[in-house]
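Using the sequences and the accompanying hints, generate a full structural model.
Quick note, the sequences are listed as chains B and U, same order. For the first sequence, counting from 1, position 136 maps to 136 in this note's numbering; every step adds exactly one. For the second sequence, counting from 1, position 150 maps to 1150 in this note's numbering; every step adds exactly one.
Simulated from the structure, these hints should not be mistaken for laboratory data. Warning: the hint list may mix true and false statements.
As the list claims (entries may be wrong) - Residues of chain B placed beyond 10 Å of chain U at every Cβ, according to the derived structure:
(1) Glu37
(2) Leu76
(3) Leu78
(4) Pro82
(5) Leu83
(6) Ala89
(7) Thr168
Said to hold, decoys possible - Distance windows between CB atoms, simulated:
(8) Ser5(B) to Ser1008(U): 34 to 40 Å
(9) Asn1072(U) to Ile7(B): 51 to 57 Å
(10) Tyr1185(U) to Lys22(B): 49 to 55 Å
(11) Ile7(B) to Ser1032(U): 23 to 29 Å
(12) Phe15(B) to Ile1030(U): 15 to 21 Å
(13) Lys1120(U) to Glu66(B): 50 to 56 Å
(14) Phe172(B) to Asn1022(U): 19 to 25 Å
What the hints assert, rightly or not - Here are the computed lysine-lysine pairs in the DSS-like style, where the Cα-Cα straight-line distance is at most 25 Å:
(15) Lys1125(U) to Lys142(B)
(16) Lys1160(U) to Lys145(B)
(17) Lys1087(U) to Lys145(B)
(18) Lys1084(U) to Lys1160(U)
(19) Lys1124(U) to Lys145(B)
(20) Lys1087(U) to Lys142(B)
Glycine included, C-beta positions come from ideal geometry on N, C-alpha and C.
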Amino acid sequence: MNILSKIIIPLFVFFIIMYGLKKKVNVYDTFLEGAKEGLMMVFHITPTVIAMVFAVNIFLDSHFLEGALGFLKPILELSRLPLDIIPMAILRPISGTATLAIMNGIFINFGPDSFIGRLASTLQGCTDTTIYVLALYFGSIKVIKTRYALPVGLFADLMGIIAAFMVTFIFFG
Amino acid sequence: MVNIIWASLIVIAIVYSLLNGNIEIINNGILSHATSGVNLVIEMMPLIILWTGIMKIAESSGLLNSFSRVLNPILRRLFPSLPKEHKALGYIASNIAANMLGLGSAATPFGLKAMQELQKDNPKKDTASEAMITFLVLNTGGVTLIPTTVIALRMMAGSKAPTEIIITSILATMVSSISGLTLDYIIRRRKNK
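Here is the structure:
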């Protein structure tokens, strides 16, 4: 499994470049064109990231969580999990940037290769922000009655979060 | 939604710290967290730029297209209410393919197009059709083969194996998508009985 994780990116890049050459694409110019779009994308998300890092970090600094979720502490300590993972799991369907900020905080405090660091990485990678996508897609075609879309989407998120805990535990626990 | 959450995080933090007498931490935080935000952006930037460059090659060479053609037969089974050659199927396939390759910004336009096509067949324009909901569930599962941003931040934080979470992410995503689609399928069957 570890080998697979290490070769997937090189293989991916190799395949894309070779395919591009075979189809006679000017791979260098195309790369630059895409990279420019990437730069613009980073530029566009900067205010969002700053807003979220600010809010999430002062929230974590206030130790409100320790106060409000203190009753969960014995359970979490038993499973060696810091409280920080709880807001990440709750915010996952709502804001990808907020959870990104929490994840980075976990990397700084506990290290990316700690159990919680790996768990946070898996959580961040495993689902999209359901509520955001729902609002954007249905909003674009003026659908107001979304019926069972939200509960099913949140159910999928919940299963993803549970799976992330279990998979991380099995692989790295 | 995000509006309320953002405001609540800040208001709760300030009020709670005032009550507990450690407002000094918040004071320092307000001044220093903007720097943390900028640092986070800088840490993500190199890999995002590199990856969007590589993926542009996949897009231009038609790799993205062939990839979505492979997905088409599977999609037809997930959307039994759509005729075989429905235009939305092509957009849905491209949306999923772009998401899988981590081309989030390329995926969104395809997704919006798919929704428009589905809306044309929708008898009640203000109510979501079954096909729309299935597409949404499929989309929010967010199947990403390579979570670039996460890898970039792991690398910057000094991880010994930044890519080791690829497999766990894919497995967790699969569980999420399959459970969502299963529940969607059960609800649809019950309603159509």
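Open item on the list: Tell me the hint numbers this structure goes against, listed in increasing order.
Closed with: 1, 7, 9, 10, 11, 12, 14, 16 and 18
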